[in-house]
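Undergrad: In case you want the letters, here they are:
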Amino acid sequence: MSWETVIGLETHVQLSTKTKLFSRASTAFGASPNTNVNLIDCGLPGVLPSVNKEAFYKAIRFGMAVNATINQTSIFDRKNYFYADLPKGYQITQMDLPIVLGGSIEINLDGLTKTINITRAHLEEDAGKSIHDEFDGFSAIDLNRAGTPLLEIVSEPEISSAKEAVAYMKAMHQLVTFLDVSDGNMAQGSLRCDANVSIRKKGDQELGTRTEIKNINSFKFIEKAINFEIKRQIKILENGEKVTQETRLYDSSKDETRPMRSKEFANDYRYFPEPDLLPVVISDEEITKIRDEFPELPKEKEIRYQKQFGLSAYDAQIIASSKSMADFFEAALKKTKNYSLLSNWLIGEISAYLNKNQIEIHESKLSADNVAMLINRIDDQTISGKIGKSIFEEMCESGSSVDEIIKSQGLKQISDDGAIEEIILTVINENPDQVAAYLAGKDKLFGFFVGQVMKLTEGKANPKTVNTILKNKLK
Amino acid sequence: MSIQFKTIVELRAMLDSKQISAAELMQESLGLAKKHEELNCFVTMNEEQALKKASAIDLNEKTTSNLSGIPLAQKDLFCTEGLRTTCSSKILSNFIPPYTATAVKNLEDAGSVTIGKTNMDEFAMGSSNETSFFGSVHNPWKKEYVPGGSSGGSAAAVAAGIVPAATGTDTGGSIRQPAAHCGITGLKPTYGRVSRWGMIAFASSLDQAGPLARTSEDCAILLNAMSGFDSKDTTSLNTEVPDFLENINNPINGIRIGIIKEFNLADLDSQVQERFEESKKTYEKLGARFVEVSLPNISASVPTYYSIAPAECSSNLSRFDGVRFGYRAENTDDLNDLYIKSRSEGFGDEVKRRILIGTYALSAGYYDAYYKKAQQVRRLIKEDFEHAFESVDLLMTPTSPNTAFKFGSKGTQNPVELYLEDLFTISSNLAGIPAISIPHGLVNSLPAGLQLIGNFLREDQLLNAAHIFQKNSDFHLLKPDLEGSQ
Numbered sequence: 001m002s003w004e005t006v007i008g009l010e011t012h013v014q015l016s017t018k019t020k021l022f023s024r025a026s027t028a029f030g031a032s033p034n035t036n037v038n039l040i041d042c043g044l045p046g047v048l049p050s051v052n053k054e055a056f057y058k059a060i061r062f063g064m065a066v067n068a069t070i071n072q073t074s075i076f077d078r079k080n081y082f083y084a085d086l087p088k089g090y091q092i093t094q095m096d097l098p099i100v101l102g103g104s105i106e107i108n109l110d111g112l113t114k115t116i117n118i119t120r121a122h123l124e125e126d127a128g129k130s131i132h133d134e135f136d137g138f139s140a141i142d143l144n145r146a147g148t149p150l151l152e153i154v155s156e157p158e159i160s161s162a163k164e165a166v167a168y169m170k171a172m173h174q175l176v177t178f179l180d181v182s183d184g185n186m187a188q189g190s191l192r193c194d195a196n197v198s199i200r201k202k203g204d205q206e207l208g209t210r211t212e213i214k215n216i217n218s219f220k221f222i223e224k225a226i227n228f229e230i231k232r233q234i235k236i237l238e239n240g241e242k243v244t245q246e247t248r249l250y251d252s253s254k255d256e257t258r259p260m261r262s263k264e265f266a267n268d269y270r271y272f273p274e275p276d277l278l279p280v281v282i283s284d285e286e287i288t289k290i291r292d293e294f295p296e297l298p299k300e301k302e303i304r305y306q307k308q309f310g311l312s313a314y315d316a317q318i319i320a321s322s323k324s325m326a327d328f329f330e331a332a333l334k335k336t337k338n339y340s341l342l343s344n345w346l347i348g349e350i351s352a353y354l355n356k357n358q359i360e361i362h363e364s365k366l367s368a369d370n371v372a373m374l375i376n377r378i379d380d381q382t383i384s385g386k387i388g389k390s391i392f393e394e395m396c397e398s399g400s401s402v403d404e405i406i407k408s409q410g411l412k413q414i415s416d417d418g419a420i421e422e423i424i425l426t427v428i429n430e431n432p433d434q435v436a437a438y439l440a441g442k443d444k445l446f447g448f449f450v451g452q453v454m455k456l457t458e459g460k461a462n463p464k465t466v467n468t469i470l471k472n473k474l475k
Numbered sequence: 476m477s478i479q480f481k482t483i484v485e486l487r488a489m490l491d492s493k494q495i496s497a498a499e500l501m502q503e504s505l506g507l508a509k510k511h512e513e514l515n516c517f518v519t520m521n522e523e524q525a526l527k528k529a530s531a532i533d534l535n536e537k538t539t540s541n542l543s544g545i546p547l548a549q550k551d552l553f554c555t556e557g558l559r560t561t562c563s564s565k566i567l568s569n570f571i572p573p574y575t576a577t578a579v580k581n582l583e584d585a586g587s588v589t590i591g592k593t594n595m596d597e598f599a600m601g602s603s604n605e606t607s608f609f610g611s612v613h614n615p616w617k618k619e620y621v622p623g624g625s626s627g628g629s630a631a632a633v634a635a636g637i638v639p640a641a642t643g644t645d646t647g648g649s650i651r652q653p654a655a656h657c658g659i660t661g662l663k664p665t666y667g668r669v670s671r672w673g674m675i676a677f678a679s680s681l682d683q684a685g686p687l688a689r690t691s692e693d694c695a696i697l698l699n700a701m702s703g704f705d706s707k708d709t710t711s712l713n714t715e716v717p718d719f720l721e722n723i724n725n726p727i728n729g730i731r732i733g734i735i736k737e738f739n740l741a742d743l744d745s746q747v748q749e750r751f752e753e754s755k756k757t758y759e760k761l762g763a764r765f766v767e768v769s770l771p772n773i774s775a776s777v778p779t780y781y782s783i784a785p786a787e788c789s790s791n792l793s794r795f796d797g798v799r800f801g802y803r804a805e806n807t808d809d810l811n812d813l814y815i816k817s818r819s820e821g822f823g824d825e826v827k828r829r830i831l832i833g834t835y836a837l838s839a840g841y842y843d844a845y846y847k848k849a850q851q852v853r854r855l856i857k858e859d860f861e862h863a864f865e866s867v868d869l870l871m872t873p874t875s876p877n878t879a880f881k882f883g884s885k886g887t888q889n890p891v892e893l894y895l896e897d898l899f900t901i902s903s904n905l906a907g908i909p910a911i912s913i914p915h916g917l918v919n920s921l922p923a924g925l926q927l928i929g930n931f932l933r934e935d936q937l938l939n940a941a942h943i944f945q946k947n948s949d950f951h952l953l954k955p956d957l958e959g960s961q
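In order, the protein sequences belong to chains A and B. Sequential numbering of the first sequence, starting at 1, is according to our numbering. Sequential numbering of the second sequence, starting at 476, is according to our numbering.
For reference, chain A alone in the conformation it holds in the complex (with noise of 0.2 angstroms):
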């Protein structure tokens, strides 16, 4: 029998605003539990939310990116269950009128596009965290997160392979980062998913029977628990059972999905507009600004680097995919002129240092203003390109400055014509076998000279004037 998965992703967008979405409270990341915590935030008896209006500009901004339609009247609901983490005993979301209404994105995997259409996507608050393996015999609540404004985003089910599922979340990770709505960090939970998943009959109209996989946080994991899933489902479809409606928690230790046991079980959550918030109203001048001040998307950049850079597509193509390597590369543009050595050393060195550790330059050690200035000292023959890349481990290790490591290592380039000629006329003094198989036509010995040359030198040696030089003594 030949199946068909059948994949709807929720994703949980959490918004790069300073304050909280009803509260003047920090959404800061990584503080000590319960600090970034207001009245409003812990829900104490008499206290009443107000709107941060940043959050409704970053949700639209998102909106006209997708080409949705945006709803300038949007109204909160609330959402009623109880949990140790949800300080009000409801969540304030939007249910019937979400801010932002249909739209699509495109995902690319193995070279092919394909569109997704996004349902819609509505602001809502976030929970705390409820922390259950810390203190004997207690749990601990910390509200830090409670009330982080969140955009959830709903996909229609038109996501069909585990593979494109994480090109969804790609291009969402590369939309939301480039928009400067999110911060797009998976692992502080900034972008996160829940996955709907269903099997069918290839070929059937209706869909099958779906679980939902609640919380899903980087890209590995979306694909490793989709494809659990999709496994485990056809599994039971093909010993002719039904699969079961449920929520379901990756476990990624064990590379599986199991039930929830949990407040999420066929839940009534008793929706109802809050009563607390009079409807939002985004002004068509709101919306005008929002759409003057738009930034920048990754196509835009792609042709701009092109045409003001010089830079060839492919370079252009790479630098621009990602957010924090094209504000890099921008930054750096501003202490540099040559470009194309730039762009050069952010596709090869950099872009494999960073992947062999796994991380983002700007959680690197390097600064746009120190690489710009490994650029400008190769570029003025102070050092040469391989002592560039000595100089490079040196910063990625330790952050230092480019000039200081010259300075301390003693590296600076010989480019003095006199200096480099009483090194030459040693090498040739010292090897005169060598000299004579050149002069009766052993050319390739030129680069055992250089070597040579080179050795003396401890590479210091312009490599330039090395070559001219040599030529002209070995006439």
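Treat the hints as calculated values from the structure; they're not laboratory data. Heads up, some of the hints might be wrong.
Unchecked claim - In silico DSBU-like pairs for lysine-lysine, Cα to Cα no more than 35 angstroms straight-line: (1) LYS53(A) with LYS847(B); (2) LYS827(B) with LYS214(A); (3) LYS827(B) with LYS129(A).
It should be emphasised that the depicted structure is a prediction, and the values quoted were computed from it without experimental measurement.
We have chain A; now place chain B onto it with these hints.
TA: Coordinates of chain B only, in the frame set by chain A:
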């Protein structure tokens, strides 16, 4: 000279002429509270802080506010920083808020002094003050009678002359009905006139804070201080607040008062009817013209209210879960058990009943039939009022179908009996418009209240019409015999 039963205006004159100092006034007021402890008006006193503030006021010569040094009582549903705030519930019996409600803060910033927190129906759910965890408040006029509710402690404290005025909140009549039953004046302002920040929510779309006092003029003084837009409450109205005293003495001849056709007053107690007819005559003498108006949907007010208010309450009261503040049950097995025990032990019967009704009204499959339908009817009722105010300036009804009743005589078997107490008051909450209750005589030695309902944001008209009535009648001057009342 006793300060008991004095109005704010009278106390102001005494303070300004140095007949009494603020500290002495506070001592007197606190003394009266103690003397009439048996009325059970207060849940928590603020003696030390009140005396401290009063002494500070005495040292500071410059005072321009007419509320400076005036003792007030606050309904125990307003959060007060450092002062226990219970909502008369066991579940908040240990709750000391870290902040003060805007309405109270505005009054305190104007120089008034909070002497204590007043008893009420638990979470403002009730019309008799019998649902308080701290015991019922007694009606100063007859002690075996209820004071009305839910702001019963505030109404009784003013009626007993302990304080000249107090704050209350009104979700379906909770200021006006106890004001009527205790023979004082109480105003529910337009929804959004006074900030709800720091007011512990019962039904968010209906709750509104307002003053209870001996006169319409004193209500105006309080409202002046309480009102105003508050960025912390986005449902508060961002509109200019007039000086409610400015036009309070304007003549009212020519004013058009509507009598609501659908309220069949002939069904009421004959003496309540009689009072109403008398007040009509008084207003006619003052130049008012009476018009019959029809509000075709108003008879649906009570069921509409009892769908919306419990629905909102069921959600608003979810935060009382024993996790972060308030009462927490002991010896619980797990989180669910903690919720169940804390809430079962912490809430009283009426609160539980309304949480259950509201949960039902919001549940899947019933939402459309109850909550949504009720919101649609609410809109119709609001439109009825808008239509009525095209031809009249004010509407007039009795505040309550009856005067105060004896403890335990109503609603114990059938809660709906008690819900009908709110028949005349509920519709103005649904419409979000202001209404005032003023005393207009006694029925069997118990006060009866007259309600005037005004158009959106027209508290000035209400206060004016009430003040002119009080300038031409003595009902607001009647005092209960606290020594003799049994």
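Undergrad: Does each hint fit the structure? Answer for all of them.
TA: These are the hints, each one checked on the structure:
The suggested pairing of LYS53(A) with LYS847(B) holds, with an alpha-carbon distance near 28 angstroms, which does not exceed 35 angstroms. Distance check on the hinted pair: LYS827(B) and LYS214(A) sit about 34 angstroms apart at the alpha-carbon level, within 35 angstroms; holds. Under the criterion of a C-alpha separation no larger than 35 angstroms, the hint pairing LYS827(B) with LYS129(A) is consistent with the structure, at around 29 angstroms.
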